[in-house]
Amino acid sequence: MKYLIIISLFFSALTFSQKNNLKSQKVSFLVKGVCEMCKDRIEEGTIKLKGVKYVNWDIMSNNISLIYNSKKITLDAIHKGISLLGHSTNKYTAPSEIYNSLPDCCLYETLEIH
Amino acid sequence: MIKFFNLLLITLVLQCSIGFSQDYIEGVISYKNESGEIIPLPGVTIFWQNTSTGTISNIDGNYKLLKSNLSNSLVFKFLGYKEEISDVSNKRFYNTTMLKDENILDEVVVNKKIKTIQKSYFKTQNIINVSSDELLKAACCNISESFETNPSIDVSYSNAVTGVKQVKMLGLESPYLLITEENIPMIRGASQVYGLSFIPGTWVESMQITKGTGSVVNGFESISGQINVELKKPYSDSPFFVNIYTNDMGRNEVNLHSNKIINDKVSTGLYLHANKNNHINDNNNDGFLDHPLSNAINFFNRWQYINPTKGTVAFFGYRFMSDKKELGENIENKVFIRDPWRGEIRTNRFDSNFKFGYVNPSIPYQSLGFQMAFSRHDQDSFFGKRNYDINQNSFYSSLIYNSIIGSTLNKIKVGLNFSHDDFDEIIDQTKTSYNRIDNSIGGFFEYSYDSLDEVSLVAGLRYDIHNNLGNFFTPRLHLRYQPFEKSVLRFSAGTGRKSSNIFSENQNIFTSGRQIKISKKLGKFYGLDPEKAFNYGLSFRQGFFINNKEGDITFDYYVTDFENQVIVDWETQGEVSFYNLDGKSFAKSLQIDFEYQLSDNVLIKSTYKNFDVKKQYNSGLKISPLTPKNRFFANLEVFTNERKNGSKWKFDFTYNWIGKQRLPSHTELIDFEGYSPNYSLVNSQITKVFSKKFEMYLGGENIGGYTQDNPILGGYPFETDFDTSIVYAPIHGALFYIGLRFNN
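Going line by line, the protein sequences match chains A and B.
Note that the numbering used here gives residue 1 to position 1 of the first sequence, counting from 1, and the numbers run on in steps of one.
Note that the numbering used here gives residue 74 to position 74 of the second sequence, counting from 1, and the numbers run on in steps of one.
No lab work stands behind these hints, which were simulated from the structure alone.
Just to be clear, a hint being listed does not mean it is correct.
[To be verified] In the DSS-like style, the derived pairs of lysine-lysine whose C-alpha atoms are separated by at most 27 Å in a straight line are:
1) B/Lys411 x A/Lys39
2) B/Lys91 x B/Lys622
3) A/Lys48 x B/Lys411
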């Protein structure tokens with residue numbers, strides 16, 4: 001009996017998170033940035049938006065891929081949230097005062113992508 | 001930097017366009033993005049090594065280059081990626097995937113050697129990562145010897161005849177550590193004493209040393225800490241490796257590795273180790289061999305499967321080990337009027353394991369892992385007239401599921417473990433036999449939170465059902481607080497339990513004449529109860545810059561409090577008794593580490609350790625014997641700048657000061673008044689790297705030659721006062737070695 005409790009706990013955790021996946025949306029779009037430092041800022045800032053479950057930004061392609069709960073946040077709000085970090089997306093341009101406060105190496109508008 | 005780079009590109013492009021020949025090499029250069037997809041990489045600089053002839057890859061990652069008379073090796077360079085040099089002789093096409101270089105920040109190339117021992121500011125647990133380069137510093141030969149240059153772990157001889165070194169952490173012996181191999185519990189039960197010496201150092205990719213309580217994922221056993229050993233992986237290890245070692249005590253070792261990538265998914269590796277020592281050494285003239293005559297062979301075959309598009313990884317491996325040691329009195333050219341005291345240890349071991357991992361490619365934060373391992377350990381040994389045979393069959397399996405709650409800031413792990421151990425032992429002259437079967441099933445849950453800046457936390461709980469230990473919870477907690485970039489404070493607390501394998505953990509008793517006394521109670525382990533302890537500790541690390549050079553200072557304070565312990569009582573001459581703790585037993589350990597990069601080529605490390613380890617014996621609360629109260633350690637690492645051909649010199653110097661240790665009483669030790677003298681040990685090593693492929697090393701251990709005067713006590717080896725286990729210092733003096741490594 002006690003063995004059963006342990007095993008059933010494990011499988012209920014499994015099915016619980018599988019159900020959770022149904023509410024998830026996967027999306028990918030362009031976020032401008034250049035370096036590892038940009039990557040940290042973009043990923044850290046985005047994951048802290050409520051409703052965003054997973055985020056990964058690729059330096060080479062400037063593509064962000066993320067998974068979010070569509071009941072908690074809209075795609076538009078995510079775009080806006082990222083632009084407020086100082087990184088423009090294909091929907092929103094970052095406010096210039098935030099962009100200008102980024103470290104020099106992250107100023108993607110003036111630097112060549114290398 | 002960028003300007004320079006552009007200039008370089010232009011010159012390269014110009015030069016390649018003037019070339020004239022029919023013979024071309026061409027191919028596609030790509031890189032792997034975070035989700036594992038292979039994507040063409042434009043703009044990569046490609047040139048023939050040591051020439052200025054080259055080109056750059058186009059928008060589709062394609063390149064085409066005239067063959068060169070001057071070089072057969074192509075260099076691929078791209079900022080942020082590891083430089084690759086490949087031999088392309090006789091090749092018409094060559095495609096490559098560039099690997100990310102983790103050492104590059106922004107656009108500044110950080111020209112800094114990665115430290116061989118790394119402590120992280122970001123991990124929640126107090127984990128020290130030891131790379132394979134650090135293992136090279138000890139050069140010889142197996143893991144139990146590799147900790148001599150590592151201040152977190154203390155290494156000492158366990159007795160005067162078997163040549164085996166034992167490790168201690170936070171003042172406690174290795175049975176209180178959980179030693180895992182790629183997260184499968186490995187060195188336990190029958191292999192407790194010799195197990196670490198059965199893993200050749202060259203097979204090891206890295207080690208992770210966790211101080212204090214471990215993670216609940218790996219079981220309930222870790223009490224004072226955990227050592228995890230990661231072995232080389234066929235896919236990433238070099239295709240061919242040879243290492244040869246020899247020393248002036250007659251020890252010879254050979255290691256051979258061969259790895260083959262069969263196709264883009266399957267790779268395999270063969271690892272072979274052999275050692276032999278048939279040199280008789282009795283430098284202290286006590287009539288006993290200073291080290292055993294030995295002979296061992298160790299074979300490991302490993303298979304690796306990776307499928308990035310499906311998100312699956314699998315490993316399968318099996319291993320045979322056979323080891324023979326002959327020890328005792330030197331019988332060569334000697335006439336005995338009685339039987340000589342001789343001993344022999346024969347060990348055969350078989351291991352196999354299978355691991356499988358799955359990461360959902362579309363939901364990267366969910367993964368499932370399964371592992372199972374089977375091992376059979378068979379030791380037959382005798383020491384004088386005493387016998388010790390142990391046979392252990394083990395099966396272990398675990399299933400673990402990783403996911404998140406809300407977002408990747410909150411991660412969870414849930415899983416199950418099952419383990420089965422079957423022990424058979426035959427003890428002593430009387431050939432008393434003991435059999436025991438341990439079965440356990442456990443479930444665990446671990447939650448981790450990471451704010452990505454100041455705070456992180458790991459909280460775990462497991463519940464185990466064990467036929468001999470009973471049913472119990474194991475809670476463990478780790479906290480990390482990093483108020484500033486270079487300051488980090490860690491706290492951990494948790495419980496641990498273990499079954500007490502009194503004979504296999506204390507094989508020293510058989511190399512003595514001491515009579516074994518076990519207080520017979522109703523416990524499940526030889527009449528004794530399981531061991532249970534609570535461990536908690538604090539660690540604070542502060543990094544700094546002095547003269548623009550990096551350094552740091554770390555304070556660690558850990559306490560292990562035993563609720564029950566099996567007391568091994570050596571206090572009475574002629575006997576050793578085992579009984580359950582009745583009173584207090586604790587180990588308090590303070591460690592202060594200081595590390596400073598004196599210049600780009602010089603790293604200096606020093607450590608002070610203070611241990612307060614006391615146990616309640618039948619005869620009173622006493623300091624644990626053979627445990628120095630104070631220790632000091634210093635290490636100096638110097639290397640010359642690498643030349644174009646990769647050649648350089650490396651120098652390593654280690655100093656150890658070992659304070660006085662309490663000695664169990666013995667009539668022949670009466671002059672010592674209960675304590676050993678303090679002493680120092682010096683080890684040093686010089687390595688000449690000739691190229692990326694070939695290096696030679698030369699070194700000395702215990703260069704000062706300090707030895708213990710009387711490691712073998714008692715007049716007549718078959719009497720009860722005979723003792724080889726009161727060892728506080730090295731048995732043999734200075735030792736010199738030489739060796740080579742070839743890597744292709």
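Hint by hint, here is what the structure shows:
1. The straight-line distance between the Cα atoms of lysine 411 of chain B and lysine 39 of chain A is roughly 21 Å, inside the 27 Å bound, and the hint therefore holds.
2. For the proposed pair lysine 91 of chain B and lysine 622 of chain B, the alpha carbon gap of about 72 Å is over 27 Å, so the pair is violated.
3. Between lysine 48 of chain A and lysine 411 of chain B, the direct Cα distance comes to roughly 14 Å. Compliance with the 27 Å bound is thereby established for this hinted pair.
When the structure is compared with the earlier hints, a violation turns up for hint 2 alone.
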